[in-house]
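Numbering of the sequence shown is given in the numbering used here, commencing with residue 14 and proceeding in unit increments.
Among the hints, erroneous ones may be present.
[Stated by the list, open to error] Here are the simulated distance ranges between beta carbons: (1) 38 <-> 124: 17 to 25 Å; (2) 51 <-> 234: 19 to 27 Å; (3) 141 <-> 247: 32 to 40 Å; (4) 123 <-> 192: 47 to 55 Å; (5) 251 <-> 194: 17 to 25 Å.
Just so you know, the hints here were simulated from the structure itself, not pulled from any lab data. We put the CB at the ideal spot given by N, CA and C, even for glycine.
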Amino acid sequence: MKEDFYVLLDIDGCITDGKNQPIDVFSCYKLQQYIKQNQLNVLLCTGRSATYVEAICQLLHINHWCICENGCYLYHPITDEILINPTISLESLNYLKDLEILLNHQKHQENFNIELGKEMCISLNPINESIASLYQRIRQKLDLTWIDITHSATAVDITPKNINKGDGYDFWYHQVNQKGIQTIGIGDSKGDIPFLNKSNIIACPNNASQEVKGLANIIAKAGGAVGVLEILETVFGDSV
Numbered sequence: 014m015k016e017d018f019y020v021l022l023d024i025d026g027c028i029t030d031g032k033n034q035p036i037d038v039f040s041c042y043k044l045q046q047y048i049k050q051n052q053l054n055v056l057l058c059t060g061r062s063a064t065y066v067e068a069i070c071q072l073l074h075i076n077h078w079c080i081c082e083n084g085c086y087l088y089h090p091i092t093d094e095i096l097i098n099p100t101i102s103l104e105s106l107n108y109l110k111d112l113e114i115l116l117n118h119q120k121h122q123e124n125f126n127i128e129l130g131k132e133m134c135i136s137l138n139p140i141n142e143s144i145a146s147l148y149q150r151i152r153q154k155l156d157l158t159w160i161d162i163t164h165s166a167t168a169v170d171i172t173p174k175n176i177n178k179g180d181g182y183d184f185w186y187h188q189v190n191q192k193g194i195q196t197i198g199i200g201d202s203k204g205d206i207p208f209l210n211k212s213n214i215i216a217c218p219n220n221a222s223q224e225v226k227g228l229a230n231i232i233a234k235a236g237g238a239v240g241v242l243e244i245l246e247t248v249f250g251d252s253v
């Protein structure tokens, strides 16, 4: 039954092609129509902030709690409520505030930008460098006592200790508090693996990393939003 399924969907690399890339509005419209007409329970599980998530929810007709900033909090696009993940420690938050000040001072010499609008995690965007290279370089310089570090298709994400999309999944699942639900996780990169591993069905668009493809039950032939629609049609049928 469709009402028993929840689709957890990453943004960058799944709905969009990533930061500074144009959104495929036509494919997103087809995806929105499919979600709406089939009354699917879809939520976003992303490193993005609530403000960005709100816009994507409006684009895709999503009206469920979403997991934001790699599991730091839940955001509801209809009520604008935010629920902070209760497992985040004060020590981690204080460390992140001090670290953000330091990184702001170093960003020009270290050659990265800091994403605007984040409330509880820090996201770094590389300049003339790959995500993987920036991730390795920054990781070697950080004290990981109070923080974790991962990356998506578009950013290196620094989060409170033990907070990731998998922990966000657990927080969301407790909030939904509905017995018998099944989940489909759709992601494309390293940062998605914690929530994908908790999903009943793991799926990815064709542009996903080899690490994610190695976990997937369903790999779309297409990438991005077209691939996501392909996945939903594979699971639910009823193409629109």
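query: Honestly, do residue 141 and residue 247 meet the 32 to 40 Å range at C-beta?
result: Between residue 141 and residue 247, where Cβ atoms are some 38 Å apart, the hint holds.
message: Is 47 to 55 Å respected by the C-beta to C-beta distance linking residue 123 and residue 192?
response: holds (48 Å)
- request: Take a look at whether the Cβ-Cβ distance between residue 251 and residue 194 falls inside 17 to 25 Å.
  value: holds (20 Å)
message: Please check whether residue 51 and residue 234 have a Cβ separation lying inside 19 to 27 Å.
response: Between residue 51 and residue 234, where Cβ atoms are some 21 Å apart, the hint holds.
Status of the given 17 to 25 Å range, CB of residue 124 versus CB of residue 38: violated (32 Å)
When each numbered hint is compared with the structure, a violation occurs for hint 1 only.
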